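Asker: Those protein sequence lines, which keep their order, are chains X and U.
Sequential numbering of the first sequence, starting at 1, is according to my numbering.
Sequential numbering of the second sequence, starting at 1, is according to my numbering.
Just so you know, the hints here were simulated from the structure itself, not pulled from any lab data.
Be aware that a few hints might be false.
What the hints assert, rightly or not - One-sided and incomplete, this derived list gives chain X residues near chain U with beta-carbon spacing under 7 Å:
id	residue
1	L96
2	K225
3	L226
4	G227
5	F233
6	L256
7	Q261
8	M298
9	P302
10	G309
11	I496
12	W499
13	F502
14	S505
This structure is a prediction, so every number in the text was calculated from the model and none was measured.
By construction, the Cβ of each residue, glycine as well, lies at the ideal position given by its N, Cα and C atoms.
So you can see what is in the structure, the chains are spelled out below.
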Amino acid sequence: MKTEAILAAAPGSGLQWTELSIFVVLFLLVSVLGFVASRWRAAASLDHLDEWGLGGRKFGSWITWFLVGGDLYTAYTFVAVPALVFGAGALGFYALPYTVILYPIVFLPALRMWSVSRSRGYVTPADFVRGRFGSPTLALLIALTGIVATMPYIALQLVGIEAVLRTMGLNGGGIVGHLPLLVAFVILALYTYQSGLRAPALIAFVKDGLIYVVILVAVFYLPAKLGGWSHIFDVSQQKLTTPDPKTGKPSGSILLGANNQLQYITLALGSALALFLYPHSLTGVLASRGRNVIKRNMMALPAYSFLLGLLALLGYVALSAGVKPITNAATGNADSNTVIPVLFDTQFPSWFAGIAFAAIGIGALVPAAIMSIAAANLWTRNIYKEYLHRDATPAQEAKQAKLASLVVKFGAVAFILFIDPQFSIDLQLIGGVLILQTLPAVAISLYTRWFHRWGLVAGWVVGMVWGLMMLYNIPNPKTGKAHFGGSALALDKLSIFGWHPFAGSQVQIYPGFVALVANLVVAVVVTVIARRMKVFNGTDDTEPTDYHADEHDKNLRPVGAH
Amino acid sequence: MSGKAAGRVTGLQWSAWNLLLLVPLLMLITPWFNFDKPRLLGLPFFYWYQFLFVIVGVGSVALVYVMTKGKPVVTGKPDRLAEVDGLDEGADQ
Numbered sequence: 001m002k003t004e005a006i007l008a009a010a011p012g013s014g015l016q017w018t019e020l021s022i023f024v025v026l027f028l029l030v031s032v033l034g035f036v037a038s039r040w041r042a043a044a045s046l047d048h049l050d051e052w053g054l055g056g057r058k059f060g061s062w063i064t065w066f067l068v069g070g071d072l073y074t075a076y077t078f079v080a081v082p083a084l085v086f087g088a089g090a091l092g093f094y095a096l097p098y099t100v101i102l103y104p105i106v107f108l109p110a111l112r113m114w115s116v117s118r119s120r121g122y123v124t125p126a127d128f129v130r131g132r133f134g135s136p137t138l139a140l141l142i143a144l145t146g147i148v149a150t151m152p153y154i155a156l157q158l159v160g161i162e163a164v165l166r167t168m169g170l171n172g173g174g175i176v177g178h179l180p181l182l183v184a185f186v187i188l189a190l191y192t193y194q195s196g197l198r199a200p201a202l203i204a205f206v207k208d209g210l211i212y213v214v215i216l217v218a219v220f221y222l223p224a225k226l227g228g229w230s231h232i233f234d235v236s237q238q239k240l241t242t243p244d245p246k247t248g249k250p251s252g253s254i255l256l257g258a259n260n261q262l263q264y265i266t267l268a269l270g271s272a273l274a275l276f277l278y279p280h281s282l283t284g285v286l287a288s289r290g291r292n293v294i295k296r297n298m299m300a301l302p303a304y305s306f307l308l309g310l311l312a313l314l315g316y317v318a319l320s321a322g323v324k325p326i327t328n329a330a331t332g333n334a335d336s337n338t339v340i341p342v343l344f345d346t347q348f349p350s351w352f353a354g355i356a357f358a359a360i361g362i363g364a365l366v367p368a369a370i371m372s373i374a375a376a377n378l379w380t381r382n383i384y385k386e387y388l389h390r391d392a393t394p395a396q397e398a399k400q401a402k403l404a405s406l407v408v409k410f411g412a413v414a415f416i417l418f419i420d421p422q423f424s425i426d427l428q429l430i431g432g433v434l435i436l437q438t439l440p441a442v443a444i445s446l447y448t449r450w451f452h453r454w455g456l457v458a459g460w461v462v463g464m465v466w467g468l469m470m471l472y473n474i475p476n477p478k479t480g481k482a483h484f485g486g487s488a489l490a491l492d493k494l495s496i497f498g499w500h501p502f503a504g505s506q507v508q509i510y511p512g513f514v515a516l517v518a519n520l521v522v523a524v525v526v527t528v529i530a531r532r533m534k535v536f537n538g539t540d541d542t543e544p545t546d547y548h549a550d551e552h553d554k555n556l557r558p559v560g561a562h
Numbered sequence: 001m002s003g004k005a006a007g008r009v010t011g012l013q014w015s016a017w018n019l020l021l022l023v024p025l026l027m028l029i030t031p032w033f034n035f036d037k038p039r040l041l042g043l044p045f046f047y048w049y050q051f052l053f054v055i056v057g058v059g060s061v062a063l064v065y066v067m068t069k070g071k072p073v074v075t076g077k078p079d080r081l082a083e084v085d086g087l088d089e090g091a092d093q
């Protein structure tokens, strides 16, 4: 392996050999799985997006559980959520309500989306919008939003891998320092190219298994070692309420304050509404065999939420263990995303830390693969086929998507290599706000075609612009950033064309949520006007029966038909 | 347009059980649980209360799944909203 050469050449003796060996062995294991996956339950040919991009649309309950779990609960989530708790306390725990209310909310719409996509052969959310409103323009907007929101998300998975690699001592400077990451990503790109969605589906078993073991051990072993949960919370409370020397204010608390409860609520709700609008989440849903598979998964997926909640608490464990985040040489600021790797590195024996790091590293591969497939599907179906090559055959579509998945992945690597990782983090924050703006077109129109397509376009534009403006104007006093400093907007700063309806209020809110409200209001107003003026609202390709189609229906469209 | 068309389900399938899906949203009312005491296993109330809601969430979804399995309780109406002024001729018949 190339990795070995780098290890030998790396300067200094900071390498954690045990951890590294375990990491490399597990990484090689999943790479083999990734390549073998192309033959797993394979159809005669992979030359169709139904096969390459959706694994043949035949995954059962177990595979879907591992796949969607591995897809939604990404390595970055596992690193960033505890980091948020570490830095801000109770607010970071929003990840638990977010992933609990998520499933009841999407339970019914996800079923309708699956059915209509199954009967009409839709592969992406933009495909559905295209069919529902006969509007390539609206579909293009949805597709672009999806791609823009997904790209930085992929880049963040790399941040997760790198945090782990650097903790293990692969902390070289310049391009050489990025080489291990590059090697890992080339392997990932190759097996995704070859096996499509089957690769992450198979690897997800290993990834989720490892993650469960690591987290469960961590939440029982570490508190016992550090004096019990009660003690951990007391120490954390004391540290969080000590005023930060930079801002002069306490950085947080183990409970919510008067000003951040609305932020907690809207962040949880907004994130829950947004998650299944991400193209990669829908890819997991559409790949399942039938409605019952989705229903069972909506019941079983909260097992991961429970795990995420436990993991969030590790932020407090790190606080009380006195973990010091590694300083990012590029920005000079402490990189709080390293707290969990550092915690594992200092508190676990090195063989177990190796397993934990492998869990995070492999944990990044699954979502990165699915996201790149989802983005490639969007490119192929809604841009390439719509605008560049109208009569592309299914085989040409599959070819195009495979190539696009490579481009997307190397785009993400370039992001990490040439741009400050902080930029990806900012973009991911923005991405959540952006993707939320597709809710009226993608989710509400599953139920009704009342909205006019131009109303949806207008709502999208307003939601996007205003959402971006609000994010741009949020500073972060802790890091000294003037813009894109976080996702908490003080109501005082909320401005509607210069009018401040809540002037003086320090209560915080999630800007994505505000933008969504504006989006809906504009969509309604423009819809009413367009209907009055009798503007043509496109033709609807879908039939009411499509929304209830299920796996054993007669006359169901065959999968992978050319 | 209601009930079964050509042996397939159509329209909006509604069941009162679906309302159970709203129950987990109660978790968003933070003033109900933003307290430290009582602690359970050392966890402040704020945390273990929310962990309990994982079970509430699973329970609600499970009940809806089991109770609505395979039987549309009220066969729905077509999407009348979209047809207010007959703009959609040719779209749905």
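Asker: It remains to establish, for every hint, whether it holds in the given structure.
Answerer: To see whether the hints hold, each was checked on the structure:
1. L96: At 5 Å from the nearest chain U Cβ, L96/X passes the 7 Å test, so the hint holds.
2. K225: Violated - the Cβ of K225/X stays beyond 7 Å from chain U, reaching only about 14 Å at its closest.
3. L226: 11 Å, violated
4. G227: 9 Å, violated
5. F233: At about 6 Å, which falls below the 7 Å cut-off, the nearest Cβ of chain U leaves the hint on F233/X intact, so it holds.
6. L256: OK, holds: L256/X within 7 Å of chain U, min 5 Å.
7. Q261: With a closest approach of 4 Å, the Q261/X hint holds.
8. M298: Check passed: Cβ of M298/X comes within 5 Å of chain U, closer than 7 Å.
9. P302: 5 Å, holds
10. G309: 6 Å, holds
11. I496: This interface hint is violated because 25 Å lies over the 7 Å limit.
12. W499: Since chain U brings no Cβ nearer than about 28 Å to W499/X, farther than 7 Å, the hint is violated.
13. F502: 19 Å, violated
14. S505: 17 Å, violated
The structure shown violates the earlier hints numbered 2, 3, 4, 11, 12, 13, 14.
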